[in-house]
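Q: Here's the letter readout for the chains.
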Amino acid sequence: MFENLQDKLNQAFKTLKGQGRITEINVATTVKEVRRALTDADVNYKVAKEVTDRVKEKALDRKVLIAVEPGQLFVKIVQEELTDLMGGEAQSINLKGDPAIILIAGLQGSGKTTFSGKLAAYLKKQGRNVLLTACDIYRPAAIDQLKVLGEQVGVEVYAEPENKNAVEIAQNALAHARKTGKKVVIVDTAGRLAVDEVMMKEVENLKRSLNPTETLFVVDSMTGQDAVNTAKTFNDRLNFDGVVLTKLDGDARGGAALSIRGVVQKPIKFISTGEKMEALDIFYPDRMASRILGM
Amino acid sequence: VGKSTVDEEVLDELEEVLITSDVGVGTTVKIIRRIEDRVARDKYVSTNELDNILREEIAGLLAENKSIDVDDDFALPVDKKPYVIMVVGVNGVGKTTTIGKLAAQFHKRGYKVVLGAGDTFRAAAVTQLKLWGQRVGVPVIEHGMNTDPSAVAFDAVKKAVDMNADVVIIDTAGRLHTKVNLMNELSKIKRVVQKFLPEAPHEVLLVLDGSTGQNAFIQATEFTKATDVTALAITKLDGTAKGGVVIGISDQFRIPVKYIGVGEKIEDLQTFNKMEFVDSFFKKI
Ligand SMILES: Nc1nc2c(ncn2[C@@H]2O[C@H](COP(=O)(O)OP(=O)(O)OP(=O)(O)O)[C@@H](O)[C@H]2O)c(=O)[nH]1
Ligand SMILES: Nc1nc2c(ncn2[C@@H]2O[C@H](COP(=O)(O)OP(=O)(O)OP(=O)(O)O)[C@@H](O)[C@H]2O)c(=O)[nH]1
Ligand SMILES: [K+]
Ligand SMILES: [Mg+2]
Ligand SMILES: [Mg+2]
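Here the protein sequences line up with chains A and B, keeping their order. The numbering used here puts the first sequence at residues 36 to 330. The numbering used here puts the second sequence at residues 39 to 323.
Only chain B is shown next, with the shape it has when bound in the complex (with noise of 0.2 Å):
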């Protein structure tokens, strides 16, 4: 502000806003040293360039890391039928409500969907995804609370089978990364999976929470041990969060953000597009 070139204070001002957005200190500097760099090459950059040179270098880091833009638009592979969907995260961030958009999409599309109530220890969780079915309209398969998660995924990729289905969405219950046990129990869930089908799942999708701090980091490394997590959904950028962890976590990990969540409604899911984020997030920032 009233500077007309990149200085030691306007970095520093950047720095702000990037910290703010939850960014993350690794990514923050990073992209400052970048900016440092041109700066330096460039001479004299004034603070109006200043901007499209923060998107560039921001849309630059998602590119580089294979965010490459899902513009396949929930397109499901050919060759991969039923295509398995499992997805998993810690409490709360929104993995059932992704499903249930998830399977709104895919059967929008005229796919067969089945799901699986693979959470069948948080209260209610079985009845919250069976009313997502209903909604959608597509199967749910359950075997009720407190009965065995490996045995419902099992069966939901065994029927998805005999009912020559398009994809199968696994639900798993929220679990922290700290709790060895659970962490566990997912990498189990897959095991029994492969035992059927050896190639699934062929989705593993981690949920965030938009709103996360630097907490998400380490559920992208933790979740990545236990279940090879191939994809993610971040939630909850239709709030005030800046959802910067999106650009950290594209940084720092070699898997592609695939869907944000964008409010609780069906339709309020999109395929992740870098440009439009970028747009976005200046407008948050």
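Bound-form chain A, shown alone (with noise of 0.2 Å):
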């Protein structure tokens, strides 16, 4: 792994200055163990690519090669360069509208129905009054598992067991939130994959039917190379406003984060960091490209 690439680098810049020629050649090959790392970090190829090629100029721009410490340098600007790319500041989410309303759409697994609870609890310990809404009349025990959290944090959950019809089931809470003063209402989906074509029709219904205040796409920080086309394909149909990485209480380093940033431009709001329904953070890009490049 790379926990060492800035030693990693610092080794290849002295092996460089040993030949004593300063050229641009020298620095391609230290770029290229930038690459590597960062696609083993599962930013995508292209998206790592992209980078490196800045911080290639960035470098020569910067002279890093007569740095004291070239290697500590080098990081530092691929850091920066991370940081810029992931948006600089935090960014928090619209509530405006009566109510605002919250679609949550992702993959399956990726952690949609735990981040409704937790967004749920976040809001009304805000203050706000909140329903959350069961979309997801697919998977066993979907409504039940929202039931479960909506019951741990105190928010009331809108679920028609019987009915098949997302768009009518969420028509209908946001009817009976108008009825019970809801001033926010937050929609779970079922998971879908990006290729599945009536159920990309079904989440794009949802969102045109609903005219969400915020739609938020959800992705595990788990995700690899593909996290790039699942992105485009949510964003093509869905023009949603931001994402929301999960389980970043593990150790995946979170390319992802970088990826998706690369080829849609929107930022990501939450970061969800565990189970339990009190795991939610909002994001800071400093923090995720720190982490991206395991330090």
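One or more of the hints may lead you astray.
Claimed, not checked - When the alpha-carbon atoms are kept at most 30 Å apart in a straight line, the in silico BS3-like pairs for lysine-lysine are as follows:
#1 Lys311(A) <-> Lys168(B)
#2 Lys303(B) <-> Lys182(A)
#3 Lys182(A) <-> Lys168(B)
#4 Lys236(A) <-> Lys303(B)
#5 Lys267(A) <-> Lys226(B)
#6 Lys303(B) <-> Lys267(A)
#7 Lys84(A) <-> Lys322(B)
#8 Lys236(A) <-> Lys214(A)
#9 Lys168(B) <-> Lys199(A)
#10 Lys321(B) <-> Lys267(A)
#11 Lys168(B) <-> Lys233(B)
#12 Lys226(B) <-> Lys67(A)
#13 Lys217(B) <-> Lys182(A)
#14 Lys236(A) <-> Lys322(B)
#15 Lys98(A) <-> Lys81(A)
#16 Lys67(A) <-> Lys84(A)
#17 Lys67(A) <-> Lys168(B)
#18 Lys226(B) <-> Lys311(A)
#19 Lys303(B) <-> Lys168(B)
#20 Lys160(A) <-> Lys119(B)
#21 Lys199(A) <-> Lys197(B)
#22 Lys146(B) <-> Lys168(B)
#23 Lys119(B) <-> Lys68(B)
#24 Lys196(B) <-> Lys67(A)
As the list claims (entries may be wrong) - Covered by chain B, per the in silico footprint, the following chain A stretches (three or more residues, Cβ under 8 Å):
#25 140 to 146
#26 163 to 173
It should be emphasised that the hints constitute simulated quantities derived from the structure, not laboratory data. For clarity, every value in this text was computed on a predicted model and none was experimentally measured. Cβ coordinates follow ideal geometry from the N, Cα and C atoms, glycine included.
Using the supplied hints, reconstruct the complex from the two chains, each of which is provided in its own coordinate frame.
A: Given below as structure tokens:
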């Protein structure tokens, strides 16, 4: 692995310096090292290439080869580049609207239902009156799961176990929210693959019908190279507003975060760091950059 | 493209293809080296031949490391009854669903199946497994939520013996391999089951999500440490993820891939077939 990316780079530069010549080619060798490190962290190959191309330019600009600690400076440049790419500042969600509607979408098992519960708890804590809505009509016990979470965080869950029309359920939930004075409606949906046309159509219909204030795309931080394809397709279909990165309590580098930023210009708004309802955090690009670099 | 012989540029492209399929750097480098060797040996290798060479090399990697084809098609060993399967893996990879599908396959072949609801933690996990049990038509042994998973596993195996069942499949809660306590809990479940049936579990099935990247390698390492994983199931291969982890994992571990998940429906589980996998991999890349 590359816990020692910095050491590796220092070593590489030492060798290069020993050769007594500072050339663009020398930097290119080091750049390749960085690119390997990024793809090892699951950053998409093409995105990694773009990043390292820019890093190379900056490294030459900032005369990295005559620096006292070239490896350190090089890593710093990479880190800055990653932070910039991931959006610089943390971004919050939009809660305008009466009620505000938040639509949750993503692949199977990414952590949508768990996140829905967490977000409900988070918003409730801010004093908002929240309704959770169970629109996963497929997965066995999906409704029960959301109900258990709703109960844990003390938020009402709207569900229609017999109804097989997600759009209808969502609309009824909305009516119920208006009647009962809820200020935020969170809509949990079934997991779906980007290539599943019927299911993608369903979530598109949900979006069109609800006109949500926020559509959030939930991604497992362990996702590999395919993160770009999935994010791109979901974005093409839903034009989502933000990304939720889950399961960051593990040791996945989370290069998917960078890949997604690289292909769809949408901010990561929350991170999920555990199974418990309080394990929710806002996203800090600089922390994520360090994580991807294994530092 | 447009090239007739395999050179540095073609190999760079190949590296890109393998990396973007989640094969992993280690295995990718290994494959590239082997192809370089062949190119050096055979002098002029055309890019047309590259495809076949790559196929051969990948199939070779899968074969070298015990990832033999499971051609017995969901058959259970005759001398191990009940055959105890413990299913483990990180959160959300498809453990419970795979158990449901596996139960259906065994049931269809006339085996008597018992399921054990050892995920007593995740919201509605017991209900989820019970619904799968109903769907398949097999009994589910459960102690409800927030109970001791070891006790559930023990009870499931004991009841399976009482019922003269052929196979018992134990579900466990999803857990990240970095959580020491939870990993210890898995070792404990295993130990407790062994108190009743010393040779059990006969199979520890690690479920990996086919869209997982490099973390899959760490998962395989860590779960093996805690539970001596004997087989792998790779799920969600019906998606756009190319499933290169199958190649990387087969190369780096001596654990056979036994099953693949290709959908959410009851019939969407297949035994792993090396050549079929290679074919579908090539269709995706
Ligand atoms: N460790 C950890 N586990 C998580 C996190 N978020 C979700 N999970 C777990 O991941 C698994 C899947 O989460 P769900 O919320 O059911 O995922 P989902 O996207 O709703 O799944 P489907 O509805 O089947 O598509 C469960 O075991 C959750 O407890 C997280 O941030 N960390
Ligand atoms: N497309 C597809 N979806 C799958 C496959 N296997 C499982 N799933 C889906 O993945 C999601 C998670 O599956 P589960 O079986 O609940 O996963 P799990 O590992 O038991 O999850 P936890 O117990 O929460 O850790 C569900 O929505 C399943 O329907 C598969 O092969 N293909
Ligand atoms: K996943
Ligand atoms: Mg869900
Ligand atoms: Mg489960």
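Q: Look at each hint and say if it fits the structure.
A: Okay, the hints, checked on the actual structure:
1. Lys311(A) <-> Lys168(B): At roughly 23 Å apart (the allowed maximum being 30 Å), Lys168(B) and Lys311(A) satisfy the hint.
2. Lys303(B) <-> Lys182(A): Holds - the C-alpha atoms of Lys182(A) and Lys303(B) are around 24 Å apart, at most 30 Å.
3. Lys182(A) <-> Lys168(B): holds, 17 Å
4. Lys236(A) <-> Lys303(B): holds, 19 Å
5. Lys267(A) <-> Lys226(B): It is violated: about 43 Å lies between the C-alpha atoms, which goes past 30 Å.
6. Lys303(B) <-> Lys267(A): holds, 26 Å
7. Lys84(A) <-> Lys322(B): holds, 22 Å
8. Lys236(A) <-> Lys214(A): With Cα atoms ~29 Å apart, Lys236(A) and Lys214(A) stay inside 30 Å; holds.
9. Lys168(B) <-> Lys199(A): Holds, at roughly 21 Å.
10. Lys321(B) <-> Lys267(A): Holds, because 21 Å separates the two Cα atoms, which is no more than 30 Å.
11. Lys168(B) <-> Lys233(B): Within the cut-off at roughly 26 Å; holds.
12. Lys226(B) <-> Lys67(A): violated, 45 Å
13. Lys217(B) <-> Lys182(A): Holds, because 27 Å separates the two Cα atoms, which is no more than 30 Å.
14. Lys236(A) <-> Lys322(B): holds, 23 Å
15. Lys98(A) <-> Lys81(A): With a Cα-Cα distance of about 26 Å, the restraint between Lys98(A) and Lys81(A) holds, given a limit of 30 Å.
16. Lys67(A) <-> Lys84(A): With Cα atoms ~9 Å apart, Lys67(A) and Lys84(A) stay inside 30 Å; holds.
17. Lys67(A) <-> Lys168(B): violated, 51 Å
18. Lys226(B) <-> Lys311(A): holds, 23 Å
19. Lys303(B) <-> Lys168(B): holds, 16 Å
20. Lys160(A) <-> Lys119(B): Given that 30 Å is the threshold and the Cα spacing comes to 53 Å, the pair is violated.
21. Lys199(A) <-> Lys197(B): violated, 37 Å
22. Lys146(B) <-> Lys168(B): holds, 18 Å
23. Lys119(B) <-> Lys68(B): At roughly 41 Å apart (the allowed maximum being 30 Å), Lys68(B) and Lys119(B) break the hint.
24. Lys196(B) <-> Lys67(A): violated, 57 Å
25. 140 to 146: holds (count 5)
26. 163 to 173: With 1 residues in contact (Cβ-Cβ under 8 Å with chain B), the coverage given for the region 163 to 173 of chain A is violated.
The structure fails hints 5, 12, 17, 20, 21, 23, 24 and 26 (numbered hints given earlier, in ascending order).
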